[in-house]
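S.K.: Please model the complete structure; the sequences and the hints are all you need to start from.
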Amino acid sequence: MARHGDVDHLKAGQAVAADSSTRTVERALALLSAVCTDGSISLSDAARVVDLSASTALRLLRTLEGSGFVTRDPGGNFRPGASVIQLGALALGQESLVSLCTPHMKRLVADTGESCYLSIPGAGDTGIYIAIVEGTRSVRHTSWVGRSIPLEGSAAGKVLTGGQNGRGYAIVRSGVEDDITAVAAPIVIGGRTVAALSIVVPSYRLDEAKAQTFGEELVKVADNILVEPDGNHEVPQESMEKK
Numbered sequence: 001m002a003r004h005g006d007v008d009h010l011k012a013g014q015a016v017a018a019d020s021s022t023r024t025v026e027r028a029l030a031l032l033s034a035v036c037t038d039g040s041i042s043l044s045d046a047a048r049v050v051d052l053s054a055s056t057a058l059r060l061l062r063t064l065e066g067s068g069f070v071t072r073d074p075g076g077n078f079r080p081g082a083s084v085i086q087l088g089a090l091a092l093g094q095e096s097l098v099s100l101c102t103p104h105m106k107r108l109v110a111d112t113g114e115s116c117y118l119s120i121p122g123a124g125d126t127g128i129y130i131a132i133v134e135g136t137r138s139v140r141h142t143s144w145v146g147r148s149i150p151l152e153g154s155a156a157g158k159v160l161t162g163g164q165n166g167r168g169y170a171i172v173r174s175g176v177e178d179d180i181t182a183v184a185a186p187i188v189i190g191g192r193t194v195a196a197l198s199i200v201v202p203s204y205r206l207d208e209a210k211a212q213t214f215g216e217e218l219v220k221v222a223d224n225i226l227v228e229p230d231g232n233h234e235v236p237q238e239s240m241e242k243k
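Residue numbers (my numbering): 1 to 243.
Derived from the structure by calculation, the hints contain no laboratory data.
Mimicking BS3-like on lysine-lysine, the simulated pairs with C-alpha atoms at most 25 Å apart in a straight line are:
| hint | residue 1 | residue 2 |
| --- | --- | --- |
| 1 | K210 | K220 |
| 2 | K106 | K210 |
| 3 | K106 | K220 |
M.R.: Quick look at the structure:
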């Protein structure tokens, strides 16, 4: 049976360990905040900002890097990673981001008759559909909300990773699903792509000209989401569905 002094010593050791763990978390969060605030920061600057030694800062940053919270650019500086963007979008996503985008998505569906998705970066090399406004046609793409999609080979994935064409959108045919064409454009906040708007259409009724028209409208809508939150952007007098 443990003596009273041994119990006190054990409790003291547990308290010290807890304090140490708390300090580690606080330091890691301070470093993450420094990286996000600066956008791209060197190891020495990050260590200086949070008042840590370079070796301690590097150890914590490597841990954050391993979890996807930070990444390194070609110059070796630390930048916010996909996990930060995903968490930020998820924090906004269930309320603010979805609420912000839904009026625009409804407008796109009214104009095109096709289903419109909102997606964000997911874990690893994936994206996640977080909202849909279903199309009005009898044959339409139905909800994939909550489904992960590969960043490679999908229209949403292309724009989430900066792979859109020179006009600002991406078109992918039979990418995630056979006989389906998706057109997507990025939603950019503070210089960073945080989400993608996409229109998903059965390929048989989407020729190249109409796909380009959808792409142009998606770019216009995505660019104006923060400017015109009610979704009342200017649209052609005839809907794109009639083109």
